[in-house]
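Residue numbers (the working numbering), protein chains in the order written: chain A, 1 to 116; chain B, 1 to 115.
Everything labelled a hint here was simulated from the structure, so no lab data went into it. Because the structure is a prediction, the values reported are computed rather than measured. All C-beta atoms in this analysis are idealised placements derived from N, C-alpha and C, irrespective of residue type, glycine included.
Only some residues are given here: those of chain A computed to face chain B with a beta carbon under 7 Å:
(1) L45
(2) F47
(3) G107
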Amino acid sequence: AQKVTQAQTEISVVEKEDVTLDCVYETRDTTYYLFWYKQPPSGELVFLIRRNSFDEQNEISGRYSWNFQKSTSSFNFTITASQVVDSAVYFCALSGALYNFNKFYFGSGTKLNVKP
Amino acid sequence: DVKVTQSSRYLVKRTGEKVFLECVQDMDHENMFWYRQDPGLGLRLIYFSYDVKMKEKGDIPEGYSVSREKKERFSLILESASTNQTSMYLCASSLRGDYNHEKLFFGSGTQLSVL
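Here chain B stands alone, though its shape is the one from the complex (with noise of 0.2 Å):
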């Protein structure tokens, strides 16, 4: 079976600090994606990543950054943490595809709260 894993499940932070969210996949997967999710507004697209590398702004990329140095990480950066980045943030992986519309693979989620 496909793991995703986050490396945190509860995560309390300051505002300000640099905060760093890891997610690793072991089933060799291209994609890998950051999503956040907030009551009433569903699921919502952060940055997403094809490749080592490679990178790529989904719907709400402000206040982020990433990073994929191996195949199998992608991390998510809150350079300055503000209360207004509290939320459930999902990590999930996926095949490329010959179609591209291959199924995602989530990993637990990470509660962040912001103080």
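Isolated chain A (complex conformation) (with noise of 0.2 Å):
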């Protein structure tokens, strides 16, 4: 079965503080992608990253970074110094093969405040 767990439904920080967001998965597949997008007020979720499972490295964007661990099923996202315009909801995914098309496991998401 394939399964995104984002425990986390909502967290909030003061400006300028780090912040992680969990994320734990379940898959039977070997390869598989895992992505992270961001959900602003306005609606349209943006793609910020995708990761596959043969690739472990951690990747650091900016202030946002992220911790693959196969051994523990998790892509957590760690925002540095966080902004009120990070405040949003974030969801993880995980992409599965399924013949020609992938299907999509979205978690619950997780929102985010950032106070000023």
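Combine the two chains into a complex, taking the hints into account.
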């Protein structure tokens, strides 16, 4: 079974604090991809990162970083020095191959509130 | 930039009405999807299409149908709207890609209220 769990429903931080959003996944596929999307109040989900199951290197992009650990089936997302513009709902997603089509499994999302 | 456009941002309908949600993408993507988003449940796949006139059921297709007559347009149809279909509906598209794990591009969503 494919499943993504984001246990944190809502997180509130004060600007400039660091915050980590947790993502735990389940899959039987040996090849799979993990994603993070950001949904600001405007509603449109925006792609942040894609990581394949063979690449466990952590990635940093500006204030964003991602920690992929296959041993714990986790793909956590850290925002360093958070800003008010980071306030959004963040979704973790898992893509597993199904014939010729990639089906996405989304977590329930974590709402991040960054207060000034 | 890829643009996925959903025809309405907010929609209010009556129980039993037939509802059409339209989605258009401008980047020649093969794949198109309809999701519904409900609090605490994340995004759930209703239907997807990998080519014109082709469609496949997702996880929650009951009460919905779709139409893809042109590559750029994917319509979601609620044959007889019910109150439990009140939700945010998100359309997405993607390239087919070599490894079929291409990222999704989303529209801004349609918040549908069925009264």
